[in-house]
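Below are the chains, spelled out letter by letter.
2 protein chains.
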Amino acid sequence: MTFKYENVYLNEVSTIAGPYENNGPLGRYYDKVYNDFYCGTKTWEQAECRMLIDSVDMVLYKANKLKNDIDLHISGDLLNQIVSTNYASASIGIPLIGIYSACSTSVLGLIIGSNMVDKEQIRNCLISTSSHNNGAEKQFRQPVEYGGPKKKTTTFTTTGAASFLLSSKKSKIKVESATIGIVTDLGVTDSFNMGAVMAPSAAVTIHNHLKNLKREASYYDLILTGDLGVYGKKILVDYMKTEYNIKLKNYNDTACMIYDLEKQPVYAGGSGPACLPLVFNSYIYEKMLKGELGRVLLVATGALLSPSMVNQKLSIPSISHAISLEVTDDIL
Amino acid sequence: MTFKYENVYLNEVSTIAGPYENNGPLGRYYDKVYNDFYCGTKTWEQAECRMLIDSVDMVLYKANKLKNDIDLHISGDLLNQIVSTNYASASIGIPLIGIYSACSTSVLGLIIGSNMVDKEQIRNCLISTSSHNNGAEKQFRQPVEYGGPKKKTTTFTTTGAASFLLSSKKSKIKVESATIGIVTDLGVTDSFNMGAVMAPSAAVTIHNHLKNLKREASYYDLILTGDLGVYGKKILVDYMKTEYNIKLKNYNDTACMIYDLEKQPVYAGGSGPACLPLVFNSYIYEKMLKGELGRVLLVATGALLSPSMVNQKLSIPSISHAISLEVTDDIL
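Residue numbers (my numbering), protein chains in the order written: chain A, 96 to 427; chain B, 96 to 427.
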């Protein structure tokens, strides 16, 4: 399902990052960083919640807005019952749409919000997401203290939170179109190889987006997936070529950008719902504002991993959503 | 945040129910029932997934549609990582928006879908939700086999699934308006008293809905919450009177309708995302088609319960969403 928009702009963004992200190559771009995993709270879940609240406060501060000025908040995260979102929302107090789409949450939220802004059903909205390395490891794999060895294909869940402000007020970045993904399941059962799980769903969504809009991949100055990791990125490039005869050229993956893969102990790269928006809302956003990138397709990829279902020997489904952002003509 | 719609109709509904629901007073209204908790699968999670797929197949069959005719599926459930939704979607194959809003999922889905249908961004959409008693008990409280005694205020998670078909094609029931809720947290920490957790959020949403549309509660032939239970229902009536001076008269709660509270061992009544749509999509829907009810406000109430956060001694937040359905003039 592909939408075209006429009336939606990205007005402001924010990024809150944890210690590994701060030590990564994009550290200097983040709005606020925490150098420990607790962020002044007593638990990892509450730390994630703290970062989510910070990201909302930060985007409002940067946009010179109050909470009362905002019509709607769309948010989701990786924790069970999306508790970071729900507990943060109790103190934020903006009407909430809670979503769950694993690491594709940010773009799904942007799509729901863009549809409502485009037709003036709301004046504006915030979209947020978050993830926390230790909280996610504990929930999906093993407690970090257990110290189990990991495969090279494993990705490292990003600690951080990010928010976006959308409205119909013109800005330098227009939300131009978007495609909602379809759940795909090619039978991968290895929860330590999320790149292989997600690459086919990213391919399906990119293909559908380009086909529905009658575009070539070269239309975009950058196609940015998040987060397939080193191996998933290679699978996607191969899969697009073999299955659809599409050559991805101006292409990168946020898992491979957020950390220094040679120096940091992050296996195949970053993951988690916060990974793509941390990279986009900092480094890429700045490049777009400077006019160095004109058209960017963000493709958020989500592995719909469930420990219950993996224990039942079922394979892992995946979904990816895409949104097209374009620098408005007057500053190009 | 309140929306008014001009162009959205409820075209068809479906209900799939489990054994306790089949034995309840509305048993004869359901489209399909299972008399065991496994529904032909090997686990409770896969059983819930089976019912969700059934509910989609059933609503398509009743509407004489194919999956290819449907633009979008909006779905959520109570299991971690909304696995019923995600695993069902892998076989359904319709573009998916996955949402998490606990027992308020159905109405949140109806609102997102109505916004898109109303402005012709999509031709139509399905909204689904599901829950499973044993799966939910295991995840949120204790395994059923443990047999722990429960408080009278406990609700009994409904086993079932339901789907709605929305489009701009005129039908007897129009989606007239809706209000997205705000997360409220009044400090309740008792996970065996969800009615007390949710009643204040239901009150806030009903009050905002009526205020934003300049309506009295008596505008509606029925205000139907789901699912506060016997005690939560009383709290809501008191709270509305004390806090807002609103007298709820044409009011009922689906938790108190889905089971025979005197004969079935269900404590304070039904709960789970499937409870409200099982009651609405069967008994109430039929009453609207017959013209016995003209204006109905559905208020789905969700306790954002998380075992992690309860173990951290935090209170339980809640959110409620409301949607207004009206019988179209020509058949009244």
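One or more of the hints may lead you astray.
[Unchecked claim] Below are the BS3-like pairs computed for lysine-lysine, each with C-alpha atoms no more than 30 Å apart in a straight line: (1) A:Lys214 / A:Lys127; (2) B:Lys233 / B:Lys99; (3) A:Lys233 / A:Lys157; (4) B:Lys336 / A:Lys214; (5) A:Lys336 / B:Lys264; (6) B:Lys269 / B:Lys99; (7) B:Lys157 / A:Lys264; (8) A:Lys309 / B:Lys306; (9) B:Lys309 / B:Lys336; (10) A:Lys99 / B:Lys233; (11) A:Lys233 / B:Lys233; (12) B:Lys137 / A:Lys233; (13) B:Lys306 / B:Lys157; (14) A:Lys233 / B:Lys264; (15) A:Lys265 / B:Lys157; (16) B:Lys127 / A:Lys99; (17) A:Lys157 / A:Lys214; (18) B:Lys99 / A:Lys162; (19) A:Lys408 / A:Lys99; (20) A:Lys309 / B:Lys137; (21) B:Lys157 / A:Lys408; (22) B:Lys233 / A:Lys214; (23) B:Lys233 / B:Lys157; (24) A:Lys247 / A:Lys342; (25) B:Lys99 / B:Lys160.
Quick caveat, the hints were computed from the structure, so don't treat them as lab data.
The structure displayed is predicted, hence computed values, not measured ones.
Now for the hints, and whether the structure bears them out:
1. For the hint linking A:Lys214 to A:Lys127, the alpha-carbon distance of about 34 Å lies beyond 30 Å, and the restraint is violated.
2. In summary, the hint linking B:Lys233 to B:Lys99 is not supported, as the alpha carbons are separated by about 40 Å, beyond the 30 Å threshold.
3. Taken as a hint, the A:Lys233 and A:Lys157 pair is broken in the structure, with Cα atoms around 34 Å apart against an allowance of 30 Å.
4. Restraint check for B:Lys336 and A:Lys214: the C-alpha separation of about 37 Å exceeds 30 Å, so the hint is violated.
5. With a CA separation close to 41 Å, the supplied pair A:Lys336 and B:Lys264 exceeds the 30 Å bound.
6. A threshold of 30 Å between alpha carbons decides the hint, and for B:Lys269 with B:Lys99 the separation of about 11 Å falls inside it, so the pair holds.
7. Taking the CA atoms of B:Lys157 and A:Lys264, the gap is near 44 Å; set against the 30 Å cutoff, the hint is violated.
8. Our distance criterion of 30 Å between C-alpha atoms is broken by A:Lys309 and B:Lys306, whose separation comes to about 46 Å.
9. Proximity of B:Lys309 to B:Lys336 is assessed by CA-CA distance (about 18 Å); at most 30 Å being required, the pair is judged to hold.
10. Simply put, A:Lys99 and B:Lys233 have alpha-carbon atoms about 43 Å apart, too far for the 30 Å limit, and the pair is violated.
11. Between A:Lys233 and B:Lys233 the CA atoms are separated by roughly 19 Å; this keeps the pair inside 30 Å, and the hint holds.
12. Between B:Lys137 and A:Lys233 the CA atoms are separated by roughly 27 Å; this keeps the pair inside 30 Å, and the hint holds.
13. Between B:Lys306 and B:Lys157 the alpha-carbon distance is near 37 Å, which puts this suggested pair outside the 30 Å criterion.
14. The suggested pairing of A:Lys233 with B:Lys264 is violated, with an alpha-carbon distance near 48 Å, which exceeds 30 Å.
15. As the CA atoms of A:Lys265 and B:Lys157 are separated by approximately 45 Å, the hinted pair breaks the 30 Å bound.
16. Our distance criterion of 30 Å between C-alpha atoms is broken by B:Lys127 and A:Lys99, whose separation comes to about 39 Å.
17. Proposed proximity of A:Lys157 and A:Lys214 is supported: the alpha carbons are some 25 Å apart, at most 30 Å.
18. Of the supplied pair hints, the one linking B:Lys99 and A:Lys162 holds, its CA atoms being roughly 23 Å apart against a limit of 30 Å.
19. Restraint check: the Cα-Cα separation between A:Lys408 and A:Lys99 comes to about 40 Å, which exceeds 30 Å; the hinted pair is violated.
20. At roughly 45 Å between alpha-carbon atoms, A:Lys309 and B:Lys137 are farther apart than 30 Å, so this suggested pair is violated.
21. For the given pair, B:Lys157 sits about 34 Å from A:Lys408 by alpha-carbon distance, which is inconsistent with the 30 Å threshold.
22. At most 30 Å may separate the alpha-carbon atoms for a hinted pair to count; B:Lys233 and A:Lys214 exceed this at roughly 43 Å.
23. Under the criterion of a C-alpha separation no larger than 30 Å, the hint pairing B:Lys233 with B:Lys157 is inconsistent with the structure, at around 34 Å.
24. For the suggested pair A:Lys247 and A:Lys342, the alpha carbons sit about 26 Å apart, so the restraint of at most 30 Å is met.
25. Of the supplied pair hints, the one linking B:Lys99 and B:Lys160 holds, its CA atoms being roughly 27 Å apart against a limit of 30 Å.
The structure fails hints 1, 2, 3, 4, 5, 7, 8, 10, 13, 14, 15, 16, 19, 20, 21, 22, 23 (numbered hints given earlier, in ascending order).
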